[in-house]
Amino acid sequence: MIVLGRSALLLALVLAPAGVAAAFVGVRRADARWSAVGRRVLYSLFGVLSVAMIVLEAAFLRSDFSLGVVATHSSTTTPAFYRATAMWSSQEGSLLLWVWLLAGWASLAVRSGHRRVPEIAACATCVLLAFALFFVALLVLLANPFAQLAVPPAEGTGLQPLLRYPAMMIHPPALYSGYTLWTIPFAFGIGALVSGRLDAAWIGATRRFALAAWLALGFGVLLGARWSWSELGWGGYWAWDPVENAALLPWLTGTAFLHSVMIQERRGLLRTWNVGLVLATGILAVLGTFLVRSGVLESIHAFGASTLGVPFLAFIALLVAGSTGLVLHRRALLAADGRIDSVLSREAVFLVGNLLLVGLAFVIFWGTFFPLISEVATGRRASVGPPWFERYTVPLAIATVGLAGLGPLMPWLRASPARLARAGAVPAAIALATAGALLAVPPVRSHPAALATIAVGAFAVAAVVLELLRAARVRARASGRAMPHALAGVVGRNRRRYGGYLVHVGFAVLLVGVAASSSLQHVRDVRLRPGDTAAVGGYDVRYVRATGHATREKLSLGAVLEVSRGGRHVATLTPTRGFYAVEDPRLGPVDRYFSGEATSEVGLESGLGRDFWTAVEPDVQALRPMIAGIDRRFPLASGASQRFLLDAVAERYRRFPPPAAFRLIVSPLVAWVWMGGLVMLAGALLALWPAPHPVLRRARLAVPRALRAAGRA
Amino acid sequence: VRPEGHDVELLLVCAMVALVAGFVTRPLRAPAPGSASGRLRALEDARDAKLREIRDAELDLRMGKLEPADHRVLDARLRAEAAALLRRLDAAREEART
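Protein chains in written order, with the numbering used here: chain A, 7 to 719; chain B, 170 to 267.
Be aware that one or more of the hints could be misleading.
Quick list of the computed label-pair ranges, beta carbon to beta carbon [stated by the list, open to error]:
| # | chain 1 | residue 1 | chain 2 | residue 2 | range |
| --- | --- | --- | --- | --- | --- |
| 1 | B | A253 | A | F368 | 37 to 43 Å |
| 2 | A | P392 | B | A249 | 50 to 56 Å |
| 3 | B | L180 | A | P317 | 31 to 37 Å |
| 4 | A | S56 | B | A253 | 56 to 62 Å |
| 5 | B | A249 | A | T330 | 33 to 39 Å |
| 6 | B | D176 | A | P317 | 53 to 59 Å |
To give an idea of the interface, some chain A residues facing chain B are shown, with a C-beta separation under 8 Å as derived from the structure [to be verified]:
| # | residue |
| --- | --- |
| 7 | V9 |
| 8 | S113 |
| 9 | R117 |
| 10 | R121 |
| 11 | V123 |
| 12 | R476 |
| 13 | G498 |
| 14 | S647 |
To be clear, the hints were calculated from the coordinates, so they are not data collected in a lab.
Glycine included, C-beta positions come from ideal geometry on N, C-alpha and C.
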């Protein structure tokens, strides 16, 4: 089936430029037939790329090592689930996934968009096909997933051990869905600029895609953080790693966009800002892909240096130059007539929030690319660490949480100071009470940033909850229905608004979790023998015994730890270190397990109040003489005999364990990070969910007759 | 010697190319479709959004977030915009009928 896959890719390479040309002719001549050809090329592109995806997926599942990409990213010992998802751990597979997702989302977008905004959708089709052309060309010319090996190996290298984590297999499709979905508002923004239709129509046509992009990217980032916490073995969920940052950048500018478009929809303001934001977000989405795939910056997620850097940079440069040129060309049309009436209004809060979010994105962009910037400027590559990022992002994040609470209290147009003070009094009192209570807790007192974040977070949650209750009370009074029914009615009638409010609550909860877990955690690195006890954060950790276990895939050495507090048992944790074999015939049958990659399986006890996190680093040096002896005596052992030897090593480690190094962490409110993230995702889903038609029907019926009469006047 | 299944694969490739070629070029062989229904839908969506804004403003007033005078200004503005949308919608419907 390799021929079929390769032919599908080649057909895609023919289709994409043909589609760009057809869509271009459609735009130039305003000819609906050529525009329809462009759209159909996009649908066909999705079809043929689906064929390529299926063929490659089948090759991974069948362990067809005649394909280089399968031989280097899978093996017969790789579990079936990971074989099915190993495709996107490779350069070639992930690029194919990228362009396949792009073609799929783009097909949906132009299918709905061409009916609503035909001129804009015609141009967007051309832009989306140009994106697809770039990625298909990369696939065919530089990273062909169907490249075959002259001599297929009997066994593959296997999936990178760090990626053998269930969430990690969903993480790339989520992240790439986010990136590719952002290209849709980008393309429609370009379409609006080219066609000169700069009202809010293009925003309406792509709103759901923008929201879905935000949701998918956020979900991807959250999964990545969870993977980092429970798999990477360093004891954190966010390391300001370039690839993590690259995913956060379009998410931040996208968040700003989702807020500021409401000002354009309602007031016709901020056209330049909105189009600028969406163009920046689309370009940042490509930049994120570039960072992962090029290896230009050192990262745990980067997949080594590749030949893709130059084409990516050229493509990004083209996007920046083209976007800037178009905005400048349309500056007269983009100018808005009105202005914001009052600083005490929802639109003003949105604008300030936008500035904060873009400020955050700028800080993160600067810190991420500082190594490259410094190299260009001074010839020396210097980088900035977490303290640098935190110095600037913490105050901006606190202010953003504050606005997440303040925004819902504000009406559009203008709020009177007296009414705003009344609405904000209770949330402010709750925030002050929270701050007062926290001041009594000594560890929190010495971390003012954490204290401020938690207090402001309490304000935001209280403001949103009270706002929702007030709306429900008004509806209950008007309809004569009970509060729960009224509450459901209020949310159901305006899912976009209350979905957004739920996102604000989740954001506040997430940042409270981040503030508490990063400022108030206790970390201890210790070296223990079985029977030894170490204290950390008020808990006692006893190293009970060593563990050792061999499978065909890896050798796991670990420990059983008993965690107690004040003599009371809290948890039994079993952190391990997995050693994976490297396929190198020069190494002995056991030594190859200790010369390959090793990953941590964290011992984790999660709770609402705190997480207890442990990782172990067994001292394998103590096993070296034994390993050398076995390898000398049985240099050709394989299969069952090799497994027998590994069992012997595991047994030896269990019975005579050397001291092992442990990292012990007690981190408060980590669960709040995941809970907050999930609440945010639930809010986005609520906002995405289409309003039921009866609501719209009722809304239409509620239009005063006078309004319709005025419409006819 | 050709590998087993090679012919089937070539057949599948030919079928894929033929299918795509037929599908893609179809609009050139058929009259251009009208887009009036799409424009109507876009206008209806815009009208619904504007009606939601009017309803939101009323809710803000009843919740005590807006001064009555400010609500009157906002409501008048929104209703003028809604009226303009209704005019465009009626014109588009008329155009679609003719």
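Tested hints:
1. At roughly 39 Å, the beta-carbon separation of A253/B and F368/A lies within the given 37 to 43 Å, and the hint holds.
2. Between P392/A and A249/B the Cβ separation comes to about 52 Å, which falls inside the hinted range of 50 to 56 Å.
3. Range check, L180/B to P317/A: about 35 Å between beta-carbon atoms, so the 31 to 37 Å window is met.
4. Taking 56 to 62 Å as the suggested C-beta distance range, the pair S56/A and A253/B does not conform, at roughly 44 Å.
5. For the pair A249/B and T330/A, the beta carbons lie near 36 Å from each other, so the given range of 33 to 39 Å is met.
6. Judged by the Cβ atoms, the range 53 to 59 Å given for D176/B and P317/A is violated: they are separated by roughly 37 Å.
7. Checking V9/A against chain B by beta carbon gives a least distance of about 5 Å; that is within 8 Å, so the hint holds.
8. The interface hint given for S113/A is violated, since its Cβ lies 13 Å from the closest Cβ of chain B, which is over the 8 Å cut-off.
9. Look at R117/A: its Cβ only gets to about 11 Å from chain B, farther than 8 Å, so that hint breaks.
10. For R121/A, the interface hint holds, since its Cβ comes within 8 Å of a Cβ in chain B; the closest pair sits about 3 Å apart.
11. Here the hint on V123/A is kept, as its CB sits about 6 Å from the closest CB of chain B, short of 8 Å.
12. Because the beta carbon of R476/A sits about 5 Å from the nearest beta carbon in chain B, less than 8 Å, this interface hint is met.
13. With a least beta-carbon distance of about 13 Å to chain B, the hint placing G498/A at the interface is violated under the 8 Å criterion.
14. Contact between S647/A and chain B, as hinted, is not supported at the beta carbon level, the nearest pair being about 36 Å apart and thus beyond 8 Å.
Hints 4, 6, 8, 9, 13, 14 from the list above are not met by this structure, while the remaining hints are.
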